[in-house]
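Since chain A is already given, all that's left is putting chain B on it; use the hints.
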Amino acid sequence: MSAVAVDEQPRSESFAARISRAFTHGPLNILLLAIAVAWLIPTLGLLFTSLLSPGDFITHGWWQVFSKPSLATFQNYSELWNNTDIPSSLLTTAEIAIGGTVLPILIAAAAAYAFAWIDFPGRDWIFVIVIALLVVPLQMALIRSSRSTTSSASSTRCSR
Amino acid sequence: MSGGAGGGSITAEPAVAQAPLPDAGARRSSTTLTAIAFLLPAALFLGVWLLYPTIYTIVRSLFGRSGFGDFVGFDNYKQLWTNTLVRDSIVRTFVWLAIVPLIITIFGLLFAVLTERVRWSVAFKTILFMPMAISLFATGVIWHVMYLKDPNQGAVNAAIGGVRSVFASSGPVEDAQPSTATVTGSKSRGFTLKTPLQAGQSALIGLTGIPPDDLPATAKQAKVPHASNSEITGVVWRDFSPGGGKPGKVEPLELGIPGATVELKGSDGKTESATTGDDGSFTFDDVGSGRYTASVSASTFSSAFGGVSWLGSALITPAIMVAYIWVWAGFAMVVIGAGLAAMPRDVLEAARTDGATEWQVFRRVTVPLLAPVLSVVFITMLINVLKVFDIIVSIAPGSTQSDASVIAVQMWRQSFGGVNDFGFGSAIAVFLFILVIPMLMLNVRRFRREG
Chain A
4 MSAVAVDEQP
14 RSESFAARIS
24 RAFTHGPLNI
34 LLLAIAVAWL
44 IPTLGLLFTS
54 LLSPGDFITH
64 GWWQVFSKPS
74 LATFQNYSEL
84 WNNTDIPSSL
94 LTTAEIAIGG
104 TVLPILIAAA
114 AAYAFAWIDF
124 PGRDWIFVIV
134 IALLVVPLQM
144 ALIRSSRSTT
154 SSASSTRCSR
Chain B
-13 MSGGAGGGSI
-3 TAEPAVAQAP
7 LPDAGARRSS
17 TTLTAIAFLL
27 PAALFLGVWL
37 LYPTIYTIVR
47 SLFGRSGFGD
57 FVGFDNYKQL
67 WTNTLVRDSI
77 VRTFVWLAIV
87 PLIITIFGLL
97 FAVLTERVRW
107 SVAFKTILFM
117 PMAISLFATG
127 VIWHVMYLKD
137 PNQGAVNAAI
147 GGVRSVFASS
157 GPVEDAQPST
167 ATVTGSKSRG
177 FTLKTPLQAG
187 QSALIGLTGI
197 PPDDLPATAK
207 QAKVPHASNS
217 EITGVVWRDF
227 SPGGGKPGKV
237 EPLELGIPGA
247 TVELKGSDGK
257 TESATTGDDG
267 SFTFDDVGSG
277 RYTASVSAST
287 FSSAFGGVSW
297 LGSALITPAI
307 MVAYIWVWAG
317 FAMVVIGAGL
327 AAMPRDVLEA
337 ARTDGATEWQ
347 VFRRVTVPLL
357 APVLSVVFIT
367 MLINVLKVFD
377 IIVSIAPGST
387 QSDASVIAVQ
397 MWRQSFGGVN
407 DFGFGSAIAV
417 FLFILVIPML
427 MLNVRRFRRE
437 G
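Quick note, the sequences are listed as chains A and B, same order.
The first sequence runs contiguously to residue 163 in our numbering.
The second sequence runs contiguously to residue 437 in our numbering.
One thing to keep in mind: the hints can contain errors.
[As the list claims (entries may be wrong)] Footprint (simulated), chain B over chain A, 3 or more residues, beta carbon under 8 Å:
1. 45 to 57
2. 120 to 128
[To be verified] Pair by pair, the computed Cβ-Cβ distance ranges are:
3. A/50 <-> B/180: 56 to 62 Å
4. A/79 <-> B/406: 32 to 38 Å
5. B/19 <-> A/100: 33 to 39 Å
6. A/30 <-> B/184: 56 to 62 Å
7. A/103 <-> B/51: 29 to 35 Å
8. A/79 <-> B/345: 48 to 54 Å
It should be emphasised that the hints constitute simulated quantities derived from the structure, not laboratory data.
Note that this is a predicted model, so its numbers are computed, not measured.
Backbone N, C-alpha and C fix where the C-beta goes; we use that ideal spot for every residue, glycine too.
The shape of chain A in the complex, shown without the other chains (with noise of 0.2 Å):
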């Protein structure tokens, strides 16, 4: 009995304490809460259109899947499972995924030790040099490396 009493002391206080400062902040809960709704509206649209047949999209927006849940199909889901590309695109994904990400890591890693550790001549300059190429836009390398492995990507794309 004691027990349940000092259970539900602290949580009627503290039941009251977050109406009351629901009402002290209201507008701040409602303006946030306001910007959330809109930040998620895209996202949700994208959810929603995913779930219309190609013939349904054309005449409807993804908004009427509410009033006309008939409207909803997984159709396209089971198109995506069914598809052949999809697999191989899968694992390229993987591919580049799990390559982009292991070997930065591996060789950024040796190269900081050397960095923060090894006292070399020219340390700082390699350094800034290092930190300058950072801000090099992609677009500086793609002329050359696009060409370079133009013929070899279009040769594994057609094996597969």
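Chain B only, in chain A's frame:
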């Protein structure tokens, strides 16, 4: 690529240098060898994938489209200003730079400060950060659909149409023509009765050419109302009956046009307006002795909301900017929020104790203390905005892509997307690089200061 390299920790004093050993020379060369071994992989990667292509691009920019046999000097750079498509893109990039990073930083700051005061800040931050998890290309697809012109497809136009229908309803009919020569005008200018009216007269404004089923269902048999000495009355009706009927005469089976807006303009320039009833009749009370012109205003024929063409040439750039801000505001908020969390609270408390208002605390304490973080966010966004590319390609439809294009898009277009002029493309890339250099220097300075 070299993102993690260095980690900004050159602060740590190397242990080896502090030990003055007798064979320091030998030791020194051996540590240099170790350093080279540690740096070599990174150097190789940077060299092959960044440094060499960069130098290649710089050299390539001095040659024409057919290759290294065709030296053109700085002609490609001159083309930056003579090619209007590229010049417009450069100007547009500067517009982006002037607007977008600032808005993103301000949004990030406001959101970071405001979420500190609510209990569900984690949920708020998650929602705002979510767009960062979607690839920019997919973001472009989302917003392209949001911006579609048809209010039945584009969510933005559907919302505007919904709000608009609350305030301004569309007119009762879509199309019409005068039935006789006594009425002039068109549906875009409105229809005016040629003969002026005086008090006690009734106006007959007959219209035809109204599409079938276009009249509101409430329409009733047209009736010419009686006008007393101080009134001007009249009727706006569909001057067409199933048998044809006689133009200019109100006959049985001819329906009035309900909800039409009729304007009565006096010779003194004053205008009154009235709305027709279900039988198409209207009445103006207490008119003076002058002459009046009656007309059916164009708003009667205003069609339903057709949608703003967000993806059209005029609005495409602001529309893409909104989408871009939607993506990056969450990033700014999280970075600034981290800075805010690390801020000494006692300073804020001291300011509040001294009687500063919340606004003063924000303006005089929070913002100055956050300045380093704000500048990091701002510079990062400047660099990102300079390179903005995929979101433009994915939002803008082909027809307005040149109205939205920026430097990075043109660089791609000129070198890969059809034109295949690698010399000119290289020149655009080098120009982009030159624009980044000031930010590069800021970056280097910051790292050195921290070091």
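- Could you work out which earlier hints the structure fails to respect and list their numbers in ascending sequence? none
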